Structure formats: structure tokens, C-alpha cells
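Please model the complete structure; the sequences and the hints are all you need to start from.
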Amino acid sequence: MMRALRQRAQWREASLWALIVPPTTWAVHFLLCYVYAAVRCAKGGPLLVLDDVRIVILAATAVALLIVSASACVAWAQMGVEGDPPPHDESTIEDRHRFLATAKLLLAGLSFVAIVYTAIPALIFANCR
Amino acid sequence: MPDRAIAIPDQDDPAVRAAQEDRLRAVWAPPRGLFFKWTDTNNNAVGSWYTLTAFGMMLFAGVLALIMRAQLAVPDNDLVDASTFNQLFTLHGSAMMFLFAVPMFEAVAVLLLPQLLGARDLPFPRLSAFGYWSFLLGSIFVAGSIFFDAAPDGGWFMYPPLSTEPRTAGVGADIWMLGLSFIEVSSIAAAIELIVGVLKCRPPDMRLNLMPLYAWYILVVAAMILFAFPPLIAGDILFEMERLLDWPFFDATRGGDPLLWQHLFWVFGHPEVYIIFLPSIAIFAMVVPTFARRHLLGYPWIVLAAVGTGFLSFGLWVHHMFTTGLPNISLGFFSAASEAVAIPTAVQIFAFIATIWAGRLVWSTPMLYAAGSLVIFVIGGLTGVMVAVAPFDWQAHDTYFIVAHLHYVLIGGSVLPLFAGLYYYWPLATGKKLSDRFGRTAFWLMFVGFNLGFFPMHFSGLMGMPRRVYTYPAELGIGLPNLLSTIGAYLFALGVAVVVVDLCLSPRRKLAARNPWNAGTLEWLALPRSEANNWGVRSVPLVQGRYPLWDQPDFVRKVDEGRYFLPDAEEGKRELVITTVLDARPLQVARIGGPTVVPMLAAITLGGVFILTTFHFYWAAAVSGLAALGVILWWHSMGTGIIPEKAEKHAGCGLMLPLYASGPSSVGWWAMFITMTADATAFGSLIFGYFFYWTIHADFPPDSLPGSAGPGLFWPMLALASVLVGWILTIAARETNARRRIGLARLALAVAAIATIGGGLAGLAGPWFTGLDPGLHVYPAMVWVLVLWIAAHAALGVIMQLFVLARSLAGRMTPVYDGDIRNVTVYHHFLALSALITFVVIGFFPRLT
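So the protein lines, in turn, are chains A and B.
Taking the working numbering, the leading residue of the first sequence gets 1, the next gets one more, and so forth.
Taking the working numbering, the leading residue of the second sequence gets 1, the next gets one more, and so forth.
Honestly, the hints are just simulated from the structure, not real lab data.
One or more hints might be untrue.
[Claimed, not checked] No farther apart than 20 Å at their CA atoms in a straight line, the calculated lysine to any residue pairs in the SDA-like style are these:
| # | chain 1 | residue 1 | chain 2 | residue 2 |
| --- | --- | --- | --- | --- |
| 1 | A | K43 | B | L326 |
| 2 | A | K43 | B | P846 |
| 3 | B | K432 | B | L527 |
| 4 | A | K43 | B | D699 |
| 5 | A | K43 | B | H697 |
| 6 | A | K43 | B | P702 |
| 7 | B | K432 | B | S48 |
| 8 | A | K43 | B | D703 |
| 9 | A | K43 | B | F688 |
| 10 | A | K43 | B | A698 |
| 11 | A | K43 | B | P258 |
Just so you know, these numbers come straight off a predicted model, no measurement behind them.
Here it is, written out as C-alpha cells:
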């Protein structure tokens, strides 16, 4: 089954939209964390204890990391398409495909780190002060 | 294969080639005459004017800084008074950002991008010209204000309530707001042009993996503009509503909140830093491989850096607001993102260093500027990581430490790389090299002067010197660092003066060889200016590598002999090859507009609206607005969507391509889609404002106000239904037209126009009949702004529907040539979506709270 999945992933269209899936996931996660905490704090005042907010943020972080990881796996599979080694600078569909996959994998790595960064404040701050 | 014989010209025959060149020369000839030469729309002309104007604005804003430094040289100085000083620093910051840095990026991109892509021009040359004239007019208006003692004086970020209160801020605030809003329009115009240029006008076979890195950066930056500038435009609207009509968006006594301005400003303001940094660092990506004599290492890593920075830079805006009392957890999110953005920023710098390391470096003048700017930028980046830590920022906020940090970032990350680009690309623009002796002297003057000027500011800041003070007492002990800063600033200015002298001497120098740096990228196909022809490239090449001039055998000769695409202009039209986004497969030969006075007229009349409004000449502004509408309709009816005389033509290399495209394969459709994305961002910012006020008020809408139940449900729902009917009928018109039921399509369009205008009016009727008074409280003001937004967009939508109807009646839109209706439908998709959100929010939300 893994093999079939990998084969499906390999020739999925590697488009510009797919390229920005990982950073878009970061953006949505970031906004969600910020807006949710900010609204709760604005409505609850500085003494509000953030327990449930922190749980929501951590859950959202898990989901976001999952999406980014899945995107990285697809990119990894796509990088394995047959062809010559990097730097993928031939004018062929394979090279374009593998270049976009490489860029997406790198973006997934960056997004993963940035999402973890975003979650750290939720581990530290327990109230709205 | 086409079923008929294609007459392929014999490119081996010099006579054929000469005839082709004559035709190309005639088609692309610039207009002549004292006035008419300014009606040129070709990217070479517009890009050069744009660059020179932006450079002039840099010199102007630099002089303002020199006056400030003279004032601050010694304690208790009285060279200028406090009021003048306020105007100086406000205009210095605003001009450097809005009149130099952003326009300079657009200018350089307009000038270079077509060359880099082996294209003859950008897809919408008249839009570029319109952007330039808008910029010129707006910048004269804003910069000129200081000569009338009327310049804005509230700081470049114009914080309310200082700047909204009529007693503390004069007409300068309106000049800032309306003048710069007008210039923002030209930035969005440039963004549209550049995105479509990069995605659709690449030469055949230049797939995404072969695109010059400069183009990647431009693509990212142009996309950032679509999400960064509209929030500021939304903020400008709220700001001017308060200034001109006393609607209390930022007035805390009537439910407003100045903090909303800070959010909207910095959602623009922080990405803005990257919007001016990325295109400058993009110049490195072109300079470094040329002088390292090798391909750039880590191409996908640079793409990661550009795209990653583009995204992360939007998660930083609150780090300008660390001292506004937001909850610590909020600060934490932005602190985290501010640290994270250092990763992609560093990645690209490492890629450049690795390339230099792995290559055989030639220490040319551009390379010297590049290396020097990296040093300065890295120092600025490191202090950036320091101020991203909230507790440190609480100490350093609003001190000269920040002034030092931001100048290290902006001069290292934007100004010096532009000088590198100036020395590198001057031969491309003029055919002549600049002097290495002048260039190196200027570099060292600037490098030493800059560090002498700005490094001591870290210390004067930490010693307690606040920003934006016009003088300081001797007892503070910051006299020495300030004197050093002043000396350094003048040394830096001397360096700039040496560059200016170098530029002035350039016309007297002899022509340089073609491709004087022996570079590998397409822009160096250009011929030296004296033999140059305005056509850009002799034929649009087939590109099979990242450095075709180095790697493709006989490449230059083949291009010059017209052996690739569009080597001719048989029909006497200016033509471009349009290709697909991913793989650059040729799709269409597009015909683009030539010289005309229309963009200039459109800019003047639209500028009139902004400038006349500043001085409260509302009727004159309305007349100017109508004139602008007339000019734009004239522009569109004469110059766009023209039905070609034949369906397809031979584009070279035996390839037949259609001359017309509509829908997503056409450039016009993309332009509309991109424009509406920017428009939707501005709309989203207004909706954000509505909910922002909800979060800060315990009761929103407020119970105690008359009409506070909101606009009711009847009118908003009627408005929504009406707009949706207009939308569905527009889609129906598109479909029936495509199925050759032209009469039905026309009827649908007419009814759609009535429904759409009805929707706009019904939207206004809601707050009108329920007596919501926008001057009373921020809630009614916010509802009014939203319905006015929809009404204005509905009015524009109706104009488009009627325009399409007129085109159909005039036989200029047919079932096959239907680009107009397809583009207008895209507009109505967005209108329907914003109406849905607006009317559901203003209708139902008051019932929920």
C-alpha cells in the first residue's frame, strides 16, 4: 500500500499552489493561534487563565505539523522521480518536477520549524497578562 | 501539425533578415517630438524615467536627512525649529519608503524583467506607464509640500490620534494619506504587471526551474504587495473618513481605537521592509554568479529563502507594537516569527557566500558594493534579532538604537545593493560602463561614512536618546556620538555625490562592448544602446538552461539571426509570446499597446481626485473622477480585447499560435484575478476592523445608541439577494454568449446591471432607514464603510456589465472573442463574495451579540 501511495504522490502535479502549501499552513496556524488567544484575552481581561486556549493551540499545532509533514512526504517521493542528479537545471518536465519538489521539501522544513516556534509561547504563558 | 503549408522565412538570407529588422524597428520605434516622446510606453523608456525619478527622490530625501543631522550635530542647536524638524523626519522616512524604495523596485523590475525573460516588453506596457505617471504626480505632490511648510509631520507611520486630531495635524496629514494612497495604486499596478510578466511572458521552454532568480524574487515581492498594501489602503480609507467626515474610527471617546491603525499600518509596514529588501538582494543573485564565474549554488535554497521570507514577513507586524500593552502571549507569537524569519534570510546569504567560495571571484566594482552591503546588512539583521526579543525591545523602543538598526537593515539590504545594481546594469541601460575609480572611491566613502554615522547611534540610543527629538541637552552626554553621526552622514553623502558625478560624466564616455561582464543570463543579449533597437531581443529565444549565454552553443548568433520566435513584425503590431505557467509552452502571440497619451491622462485625472480632495474641493474632485472614468473607458474600448484580423499566425520555428485568448489562458484574465485578490485583501482588512471593534467593546453594537440594533435584516438581505442575482446573470451571460445565444446574453447583462445597482442601493438603504449616524460612534461608522464599499464596487460592476454589453452590441465581443465577459465575471465572483460576507455580518452579527 505504501508503494502505491508513493507512486501516486510521485506524479501528482507539482504546481506553484502545491509549493506554497507548507508556508500557507504556517500562516493559517499562526493567525489562528494569535487571533484566538487575542480574542479570548480581549474578552476575558488580563487575569484570564488560558488553559483551554493552550490546549486548542497545541492541538492546532499537531494538525499543522501533520499537514506539513504530509506535504514533505509527497515532496520526498516526487524528488525520487527518475532522472539526472541535482541541480535540476535541464529544460525537461522531470527536472522542473523535481526542482519544485525540492523547493517544497525545503519550505516544509522551514514551515515545520516556524510552526514549532509559534507554539512555544503557548507552553510558556499561562494567562493574559 | 497544421494541415496547410506554413511559409517559413529563410533566415539564412541577409536580405530577409534586414527586411525583418526594418519592420521590427518601425513597429517598436519610440514616439518623437517634444511632447510626444513622453507618450512612450515601452519598458525601456518608462523604466528609465521611473528609475531616474526614484533616484531623484532618494537624493531629495537624503538632503532632508542631512539637514536633520546638521541640527543634531551639537546639543541645544537651533538651526531648524521643532515644527520644521517634525516635517523633515516625517518626509525623510515617508519619501525614502514610498517615493524611493518601493518605486525603485518597480522601476528596476520594469526596466530589467523583459530583458531577463527575453521578452520585448511587459504584458501591459500602458499600465506601467500609468503607474509611472501616477508615481510622478503623487511624489511631486507629497515631496513638494515641504516647500509650503505643509508637509506631514506625524512620523512616517502617522499614528492617530496625533495625526487625526485637526488641532495637532494640519493639511500635511491629508497630503500624506491621499498622496501616498495614490502612489499605492501605482504599486498595485506594478504588482499585476510583474506577476503576469513572470508567469506568462517567459520565453518558450524556460520552465520554473530555469527562471532567473531575479524573476523568482520579483514574483514573490509582487505577490507580497497584493497582501501588504491593501491593508494600508483600508487604513487610509478609515483615516480619511475620520479626517474629512469626523467618523470616529480612531477616536477612543466615541468607541474607536488608535490601535487599529497601528495593526493595519504594520501589516503593511513590516512586509514592506522585505518588499524593498528582496528585490535588492535579487540583484545579488544576478551579480554574484557573473563575478564568481559559475552557476549559483543552491538554486532551490534561494527559492526557499524568497518564498519563505515572503510568508514569514507577514507574521512580524506586532513586533512594532511590543510596547502597546498587548497580552504577553500575543507578543510571544510575533517574537517567535521574528526569530524564525532570520532562517530564510540567512540561507540566501550563505548560498551567495558558497557561490563566491566555489567560484573564481573577480573583484569588480559591483561585487565590492555587494560584499560591503552584506556586512552592513548582517549587522542590521543581528540587532533585528535583538529587538525581536520583547523585553529588550521594551528598553530600546523609540530610541536611536532602533534608528541605527533600521538604517543598517535598509541601507545594507536595499540601498547599497541598488548601487551594486547601478554599476552592474548601467551598461545595459546606457551601453556605457561607469568608472571603476569613481565607483570604488564612492564605495569607501559610503561604507566608512555609513558606519561612522550609524554605529554610534546604537550607543546614543542605549544612553537614552529618543527618536524624533529636534535637539537634546548637553547634560545627557550624547553630544560626541551625535557629532560622529553627523560627520559620518556627510561622508556618506559625499560618496553619493561621487556616484552622481560619475553618472553625469557617463554620456562623454565611449561605448562598452556587448555583454561587458561576460554574464550568462538573457538580459545581456541586449545590444549597446547606439545600435540598439527598441525591440529588446531580435528573436524570442528557446531557453534550455539557467545561463543560456554560457551554456547554449551559438545562442547569441541564433537569437541575432532571428532563428527563434517572433523574428518579424509582418502585420506591424507589437507582439509578445505568451507561455504556460509551469513549463513555458507557447500558448499565444499577444498584441500589446503602443505609445499613447491615455495612461498619462488617466494618471492626471485620477490624481486630481486625490489632490483636490486633500483641499476639500469635493465638486472639482468629482469632476476629475468622472474624467478619469471617461479616460479609462476610452483606454479600454480602444486598446484592449481587439479582435485580430486572423485567428493565428506563424510565430517562428514552424509554430502556429493563436492571436487571441480568453479566460485563464489570457493575460487579461490573470490581471483581473490578481487585482481582485488585492481588492479582497483590502475588504478583508475592513471586516477585520469590524471584529476588532467587537473584541474591544463589551457591547458591540452598543445598546444605548439610537439605531444600535444595526441596519436590520430586510435591507441587507434584499441587497445580498440582488447582488447575487446580478452575479448569476453575469455568469449566465458568459455561458449563453459562448453558446451563440447572443440576444439572450445581452438581455441577461442588462438585467444583471439593474440587479447589481439595486443591490448597491439596497445596501445603503439599510443604515439609512434605520438611522445609523456614523459621526456618533464607531459601530454605525463601520457599518456605513462596509455598505459604501459594496455600493462603490457594485457601481463599478455595473459599469463593467454595461461596457461588455456595449462591446457586444458594437460587434467587438463575439462568442469566440469573449475575453471581456470572462474578465468581468471574475470581478463579479469577488463582488458576490464580499457582498455575502458584508451583509451576513452586518445583518446577523448584531443578533448574535
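Okay, the hints, checked on the actual structure:
At most 20 Å may separate the alpha-carbon atoms for a hinted pair to count; A/K43 and B/L326 meet this at roughly 13 Å. Between the alpha carbons of A/K43 and B/P846 the distance comes to roughly 17 Å, so the proposed pair stays at or under 20 Å and holds. Among the hinted pairs, B/K432 with B/L527 is consistent with the structure: their alpha-carbon atoms are about 11 Å apart, no more than 20 Å. Pair hint A/K43 plus B/D699 holds up; C-alpha atoms about 11 Å apart against a cutoff of 20 Å.
Distance hint between A/K43 and B/H697 is fulfilled; the C-alpha atoms sit about 8 Å from each other, no more than 20 Å. Taken as a hint, the A/K43 and B/P702 pair is honoured in the structure, with Cα atoms around 15 Å apart against an allowance of 20 Å. At roughly 15 Å between alpha-carbon atoms, B/K432 and B/S48 fall within 20 Å of each other, so this suggested pair holds. Taking the CA atoms of A/K43 and B/D703, the gap is about 17 Å. The hint holds against a cut of 20 Å.
Restraint check: the Cα-Cα separation between A/K43 and B/F688 comes to about 16 Å, which is no more than 20 Å; the hinted pair holds. Between A/K43 and B/A698 the CA atoms are separated by roughly 7 Å; this keeps the pair inside 20 Å, and the hint holds. Taking the CA atoms of A/K43 and B/P258, the gap is about 18 Å. The hint holds against a cut of 20 Å.
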